[in-house]
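K.L.:
Going down the list, the protein sequences come from chains A and B. Residue numbers for the first sequence follow the UniProt record's numbering, beginning at 1 and rising by one. Residue numbers for the second sequence follow the UniProt record's numbering, beginning at 1 and rising by one.
Be a bit skeptical, because a hint or two may be false.
Identical copies go unnamed one by one, so any copy, or any two together, can satisfy a pair.
[Claimed, not checked] Subject to a maximum C-alpha distance of 20 Å in a straight line, what follows is the list of computed SDA-like cross-link-like pairs (lysine to any residue):
1. Lys10 to Gln176
2. Lys90 to Ala187
3. Lys102 to Glu9
4. Lys55 to Val185
5. Lys182 to Leu143
6. Lys182 to Asp43
7. Lys102 to Ser35
By construction, these hints were calculated from the structure, which means they are not laboratory data.
There are 2 protein chains.
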Amino acid sequence: MFLQPVPLEKSFRLINHGPTVMVSAKHGGVENVMSASWACALDFSPARVTVVIDKSTFTRPLIEGSGQFALQVPFASQAQLVMAMGESRKHNQEKIHQAGAKLFYQDGFDVPLVQGCAAYLVCRLLPEPHNQQAYDLFIGEVLAAWADERVFRQGHWHFDDVDDSLKTLHYVAGGQFYLTGKSRVVAP
Amino acid sequence: MFLQPVPLEKSFRLINHGPTVMVSAKHGGVENVMSASWACALDFSPARVTVVIDKSTFTRPLIEGSGQFALQVPFASQAQLVMAMGESRKHNQEKIHQAGAKLFYQDGFDVPLVQGCAAYLVCRLLPEPHNQQAYDLFIGEVLAAWADERVFRQGHWHFDDVDDSLKTLHYVAGGQFYLTGKSRVVAP
């Protein structure tokens, strides 16, 4: 395993570049995973995120019931899995298995995570009924975060020296993604 | 000019891949522009977006006062300007000028736009005082959108055949961006 903890105050960097994520949750012993393009950092400290979860999704009542969810940032090599998990109305347990993916748990957190992703953020739901009902908008406080040290070290992504399979994904529509591209550093 | 209108129901695709944006607004004759990493699509129809705007920013009262703002998706060639506009507490008029950038207006919309960006979304603020106060979270309904036809045509980005300067930007931290990378299409 290549996972290393990421300090909470740096966890926004895991999604700051706008990658597509998968959202996972568990309630009453039922686990599920769905893909989501509309996840975003909301605050540095406390670390918070937003994610849009449609009322039709199988995962939404798991989040509302348990008060927890995780965002995971898939690698480009997982693009097929991300598309399969895009069938968000369904209980995707069989599809996860078919795709050769496995769920796992980090010690102390009863939120399922998809093995082999670039980064993970386990979140506590901050209930905001109006946002959830009117906008399908969920707010989470990040409780813990981890990233794959092959691509994220010392608080920064390092994509320039890895194979394309270890880049992250940026979804557009219709099965089309862009991989994370070249680094560019600009003096402030 | 290369700008072409983008149908509202396709406008989410302009930011779905998670690019860094610049936020612009005008109130009482005062124009400003600031950079923001935390902008995200919220709904397809009506097309809506979220954007996080700190209380310390110069632009926030312009949005609250006018009830309008724009998101623009800069090209990689504008990375230096994006960093300069990151000084969000300031009235950045002089910096825009120094950077050789110009503001312009589209017919019918009194919201300033930064010339030479890849895409634009002009939005009406949907006032949500609790979100704005507690989370610095602003919700906008997209009123009109445009994109540069060199990179966005028929509802899709076309980055694979353009120079790096015409890619979009994904900010991490400390002046470091990633350019939008290679396209990958996965059958659903």
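K.L.:
With reference to the structure, classify each hint as holding or not holding.
P.N.:
Status of the hints after comparison with the structure:
1. Lys10 to Gln176: For Lys10 and Gln176, only the inter-copy Cα distance (14 Å) is at most 20 Å; the intra-copy one is 29 Å.
2. Lys90 to Ala187: between (46 Å within a copy, 18 Å between copies)
3. Lys102 to Glu9: neither (28 Å within a copy, 36 Å between copies)
4. Lys55 to Val185: neither (40 Å within a copy, 27 Å between copies)
5. Lys182 to Leu143: neither (30 Å within a copy, 33 Å between copies)
6. Lys182 to Asp43: neither (26 Å within a copy, 30 Å between copies)
7. Lys102 to Ser35: Within. Shortest intra-copy distance 15 Å satisfies the 20 Å Cα cut-off; inter-copy 39 Å does not.
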